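Visitor: Next come the chains, spelled out residue by residue.
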Amino acid sequence: MIRLLPVFLLVCCLTLATVLDPQFERWHNHEDTSAGVLVALMGDSRRLFAHEFFARADAYFHSGFYPTIFDSQKPGSESDLVEESHAKPARAKEHEEEASFLGAPKDWMDRFGRNFYPVVHTHLHDGNEREMLPWLKLSADMDPHEIATYLTASYWLRTSLGQPAEAEQFLREGLRANPDSYDILLELGRIYFYNRTNNFVARNIFVLARKNWRRQETAGKKPDAHSYEEILGEMVKTDRAQGDPKLELEDLEELRQVAPAKESLQEQIDEAKAKLAKPKPQGH
Amino acid sequence: MDTNRNPSVNNVFAIAGIVIKEMYRRKDFYVLLTLVVALTLVLGSVSFFNDQHIVRYVKDACLLMIWLSSLVIAITTTARQIPAERESRTIFPLLAKPVGRGEFVVGKFMGCWLSCGLCLLVFYLFFGLLSASREHTVPVLAYFQGMWLHWMCLGIVVALALLGSVLFTAPSSNATICFIVVLGILFAGGHLNGIAIQMRGWRGALVYAIYYALPHLEWYDVRELIIHNWGLIDWVAWVGATIYAGLYMAFLLACAWLVFRRRTVTL
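Top to bottom, those sequences are chains A and B.
Per the working numbering, the first sequence starts with residue 24, numbered consecutively.
Per the working numbering, the second sequence starts with residue 7, numbered consecutively.
Isolated chain A, as found in the complex (with noise of 0.2 Å):
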């Protein structure tokens, strides 16, 4: 009887083998090898990881000083990451004054135990910033459409790290998995703009993004009116760089449209007209 285990062990790995050949078969076939295994493995739990790793992130931007899920946060309120990236960066000094959410000690021992973690707000500086950067990169392969990963990373990158290259590839990385992303590629047009100072190949991305904004409005997809405000102003700064007052003007009235400051941007459209009422300088 014993005789027969390797040959009844030999029958099972024959089998397995068998069943789990398409499988892998179907893995190398994705499109991204990496991403299917995850999915195959953890499935949507993934979306739990990506998460947490994000408030890990965040955690890390506020060198620990995090709430866990046992203390109170105002409601709705929003990562301070977020906001800081991608969101209201003019909030961020006036946020890391604002009261704890730790309160004042209950009792004397919560007293005496916060001499054991951090308790001051604090946002993380010179190039620290850094040191969320392998949380946002897991984060981004847990669930690669949470948008707001990628928007975050390439701020940090491109803005303190000096570091627009890594941005981009991992913007790129973000678009490939969310081509429709009108935010990708906002801020992918702020690499060329601010960057790279390549205007002409930033404006082609904010008008494909305005595109993309436009068509998830179609769609009734209820897209982000704030972003396509950024959209718009960024545009205009790209028209102004290149010295085109005709797009401009066009851009500044599709602004005007949308934006609650109208006011001084009928200054700035006036500005424009003017700029195109001159006659252009005789060339040699």
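Derived from the structure by calculation, the hints contain no laboratory data.
Careful: at least some of the hints might be erroneous.
[Unchecked claim] Here chain B is said to cover these stretches of chain A; the calculated rule only asks that three of the stretch's residues, wherever they fall, bring their Cβ under 8 Å from a Cβ of chain B:
1. 81–94
2. 126–132
3. 157–168
4. 177–186
5. 219–226
Source: prediction; values computed, not measured.
Here a beta-carbon is modelled for each residue, glycine too, at the ideal position from N, C-alpha and C.
Following the hints, position chain B against chain A.
Guide: Positioned in the frame of chain A, the structure of chain B alone reads:
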């Protein structure tokens, strides 16, 4: 002479010495150390966005593994001490005079706790080298404070596991219960007061009483301070935490001795 009331230091250290020798003859620590080193080096070799200066995630992972490994070593080593002595029948000659039960309990505790200290020393030495190689600086005092508090935490855990080993018959059940209790305290122990305030009434009072009665092991987990280079902990708080841990160790050991003193040792 009643040795239960006047434990001899020599007897205690003789028993502790045997435990330490057993510790370095076993392979548990070497396996865990190899795993920690290998996994940390693999993690450290990963490049994110071609940036070679990223270090905190490696420190984070390394410290997490050190904490888990040290808890495994502390609980499993302690949980098997008394049942193993009973099983191999060596407890009978050991408990013959002049070694009393109090000396036996304290000796086992000292052996396990000192073994954990030696393991921590090696683990933190590796952590310091890793940190120095990436950050080009070693905050020695901060790491010393962190390691000391970690060791104090393990002291409470060892005393708890020793108490468990005289209460429960099987080492496996003792180890499982200890892991659940320790991880539970580390996860939620510091937040029970907030939960109690929300509950109100007698239930809230009960949770608050548990909050005060539990040993606050989470104080000794200062990983966030070390990872993010927050600097030194207030020395007064550090001494306070040491005294608090010492009191808990003494209390748990006294409980273990009281239970073990009246227990009939049989096979």
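Visitor: Are the hints correct? Go through all of them and say.
Guide: Results of checking the hints against the structure:
For the stretch 81–94 of chain A, the stated coverage by chain B is satisfied: 6 residues place a CB nearer than 8 Å to a CB of that chain, which reaches the threshold of 3. With 3 residues carrying a beta carbon less than 8 Å from a beta carbon of chain B, the stretch 126–132 of chain A meets the three-residue requirement, and the given coverage holds. With 3 residues having a Cβ less than 8 Å from any Cβ of chain B, the stretch 157–168 of chain A passes the three-residue criterion, so the hint holds. Given as covered by chain B, the stretch 177–186 of chain A passes the check, having 3 residues with a CB less than 8 Å from a CB of that chain where 3 are the minimum.
Remark: the stretch 219–226 of chain A is not confirmed as covered by chain B, as 0 of its residues place a Cβ nearer than 8 Å to a Cβ of that chain, below the required three.
Hint check: a violation occurs at hint 5 only; the rest are consistent with the structure.
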